[in-house]
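J.: Here is how the chains run, residue by residue.
Protein chains: 2
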Amino acid sequence: MIVEAIAVGTELLLGHTVNSNAALIGSRLADAGLEHHFSTAVGDHPGRMVDAIRLAMGRADAVILTGGIGPTQDDLTREAICEATGRPMLYSDEYASRLRRWWAARGREMPDSNLKQAEYPEGATLLDNPKGTAPAIQLEHEGVVIFALPGVPAELEVLLDKYVLPLLRERSGEGVVLSRVIRTYGQSESRVAEMLADIFEETGNPSMAFLASAAEIKVRLTAHADTEAGAEALIAPFEAAVRERMGSLVFGIDDETIESIVLRMAEEKGWTLATAESATGGKVAARITAVPGASRVFRGAIVAYQDDVKKMNLSVGDDLIAEHGVVSEPVAMAMAEGVARALDADVGIAITGSAGPEPLEEAAGTMVVAVRTPEGTMARTLRLPGDRERVRTYTSTGALHMARLAMAGKWWSGRPKDGRWV
Amino acid sequence: MIVEAIAVGTELLLGHTVNSNAALIGSRLADAGLEHHFSTAVGDHPGRMVDAIRLAMGRADAVILTGGIGPTQDDLTREAICEATGRPMLYSDEYASRLRRWWAARGREMPDSNLKQAEYPEGATLLDNPKGTAPAIQLEHEGVVIFALPGVPAELEVLLDKYVLPLLRERSGEGVVLSRVIRTYGQSESRVAEMLADIFEETGNPSMAFLASAAEIKVRLTAHADTEAGAEALIAPFEAAVRERMGSLVFGIDDETIESIVLRMAEEKGWTLATAESATGGKVAARITAVPGASRVFRGAIVAYQDDVKKMNLSVGDDLIAEHGVVSEPVAMAMAEGVARALDADVGIAITGSAGPEPLEEAAGTMVVAVRTPEGTMARTLRLPGDRERVRTYTSTGALHMARLAMAGKWWSGRPKDGRWV
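Chains A and B supply the protein sequences, listed in that same order. Position 214 of the first sequence, counting from 1, maps to 214 under our numbering, and the rest follow consecutively. Position 48 of the second sequence, counting from 1, maps to 48 under our numbering, and the rest follow consecutively.
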């Protein structure tokens with residue numbers, strides 16, 4: 001069964017509102033194993049709304065409209081459905097009475113404009129909206145089922161779950177769709193795609209997709225099957241093949257973040273964490289402390305933005321800076337060790353480098369990351385493209401991944417070793 | 001001129017990614033005075049991409065595609081444009097050499113799959129992408145101009161501003177649209193709207209809009225005129241009226257951020273800055289150091305996430321914590337003074353509080369901000385609604401605004417004083 005979504009509202013086209021309803025509908029349809037080919041936003045304009053509805057009816061089995069069913073002059077979804085299907089508008093005395101009772105129960109007089117919400121296209125069913133006064137509408141027309149739902153996300157979500165998805169799933173009889181996201185770090189999107197090219201060739205159901213987000217590359221497997229167990233069984237061998245191929249480039253699955261994994265690893269080892277940051281200016285600490293429960297493990301951070309703070313508060317030696325320069329592996333290692341000492345932590349994560357002003361093509365940010373654990377201290381130099389903010393973001397992501405590998409007793413080399421990615 | 005947007009990516013239809021690019025494009029088109037009737041999302045499916053492109057070409061003067069121009073097997077936008085326009089795919093040796101140089105400059109070997117980014121439909125222009133390796137594409141076909149832009153928001157934004165909007169505005173020949181954003185902090189959106197209600201009544205050209213973003217409220221004036229000077233003359237009296245009414249609630253205009261303003265004020269006074277952060281975990285420092293040139297003023301930060309770090313590294317007295325609790329104005333003031341001393345800075349900005357759901361002794365959402373300047377130390381308690389990340393963001397914004405007012409010798413009271421907002 002193919003479902004198409006149409007979001008109604010000029011505010012979406014003006015960019016005043018981000019169309020998060022489209023993502024909500026998309027994820028619910030995917031969970032229900034329903035196909036979803038197009039999602040459109042259209043303004044509060046009768047002619048263009050009719051065009052969008054007719055187009056969707058021509059290429060989908062079900063159309064989900066959101067927005068435009070409120071009481072004001074620019075709420076035109078009911079009218080557009082009437083025109084797109086050639087049906088007259090009717091009026092529900094019963095719903096009008098309900099509306100009056102709803103307002104009366106709240107001790108308020110109902111503005112007459114609200115009676116518009118008792119209107120419906122001939123043949124439609126009014127669906128009760130437990131979170132608002134605008135009823136939703138369900139209409140079957142020439143084999144296509146049309147829903148008109150409120151644009152308020154909380155109301156939309158309730159009505160999707162209560163009416164729309166049960167009906168569509170029952171009609172489709174098509175089982176489930178399951179996705180597994182394998183999160184990797186350490187190689188570019190194109191390199192990951194090359195590493196997995198032969199596995200990709202064998203995909204179909206499940207399908208495989210690559211998604212780059214900051215420095216992390218996600219490999220997504222999506223399977224269709226009759227049951228969740230069946231979908232899981234289709235995904236399992238591909239997931240295993242990807243994990244085998246990519247080794248410790250894989251750091252997590254689905255919604256796991258590197259921050260949460262670093263915290264969990266530290267907690268399992270009984271280690272506490274601290275960061276010493278120069279160019280990232282506290283970004284790594286801010287990311288770690290965004291995770292609830294971080295205080296069980298995270299001691300704190302010293303942001304040493306001017307060089308003498310590195311000397312004064314992290315005990316980085318004058319001689320070391322003079323000999324190697326501030327942006328160097330020896331200085332980063334001294335910072336990692338210095339912050340572990342100063343804040344009495346087991347693991348110190350340090351960053352020194354120059355994020356640059358706003359260079360584009362030529363000047364790459366040179367950043368050095370070091371990690372101190374009770375088992376040793378290691379450093380690595382990164383040369384990163386992009387502007388200041390990108391360099392800072394990629395460096396903080398890199399530092400967290402290096403902490404993961406250092407705590408696991410591994411250290412990312414970027415090169416295969418004995419045929420495996422370590 | 002009518003412009004249509006098409007976002008390419010199965011992740012949008014699966015709801016894994018919210019289509020914020022559509023809102024970005026929408027707001028830029030609105031600012032430029034261009035019409036925008038439909039915005040569509042389509043998956044990485046060749047046939048459906050071609051359908052979407054043909055449909056848009058039939059009803060718009062310009063089509064902006066985003067996504068699907070990366071190097072992997074599921075990046076199919078170039079191919080879809082070729083098919084929709086009946087043009088062959090060509091290959092740019094020059095761009096291929098640039099890609100090789102780009103990778104070589106970073107000391108890495110380029111995966112061959114990246115050469116896909118040197119492909120383009122016959123007749124297209126490759127637009128340089130200053131933030132990534134995938135070039136954007138511009139193609140004129142039967143009177144419609146088609147752009148294929150990257151889906152990465154930061155890359156998209158740069159390319160929209162650099163190439164797409166100037167070209168579309170020039171072609172539309174519709175005069176000049178000028179916006180002035182007046183940035184305010186300290187009152188809610190509805191209160192700001194009330195304060196300016198009579199000025200709003202007089203608007204038309206320019207129009208006035210209110211935009212809430214985190215804790216800051218922007219007042220945007222947008223004027224249409226034949227020339228930039230004409231638009232500026234329309235805006236000027238309204239801008240002056242808003243500033244007069246709102247006093248020091250106004251902190252900047254257009255793209256000025258509170259971070260950049262705090263740094264500029266400190267530099268003008270010859271003062272250095274440091275932060276001491278508990279619940280915000282380094283977020284304020286990270287925001288300050290995101291501004292190029294921050295190192296002239298910003299000394300560093302101490303993130304004291306566990307309580308004994310506050311005592312050890314910020315010299316907050318045991319007795320003070322015992323008497324008032326960690327989340328208290330006396331402790332925040334001691335932290336502000338402690339960090340100024342520890343990092344040898346003139347201004348100390350301190351935050352202590354509980355962002356939840358790790359409750360300390362105070363309710364989650366209770367945050368205390370203090371600022372130490374050479375002229376004195378002040379503190380303020382904020383009670384913020386929302387989840388952990390929202391509380392942390394609002395608090396760091398609040399702390400920066402309090403630093404601004406403290407350095408200006410004012411302290412935000414939220415109340416008018418002698419008829420003016422101080």
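Since the hints were made in silico from the structure, they are not lab data. Bear in mind the structure is a predicted one, so any value in this text is a computation, not a measurement. Do not take every clue at face value.
Heads up, the list lumps identical chains together, so a pair's fine if it works in one copy or across two of them.
Cross-link-like lysine-lysine pairs, in silico, BS3-like; alpha carbons within 30 Å at most [said to hold, decoys possible]:
1) K269 - K162
2) K311 - K162
3) K218 - K410
4) K116 - K269
5) K116 - K410
6) K218 - K116
J.: Of the hints stated earlier, which fail here?
T.: 1, 2, 4 and 5
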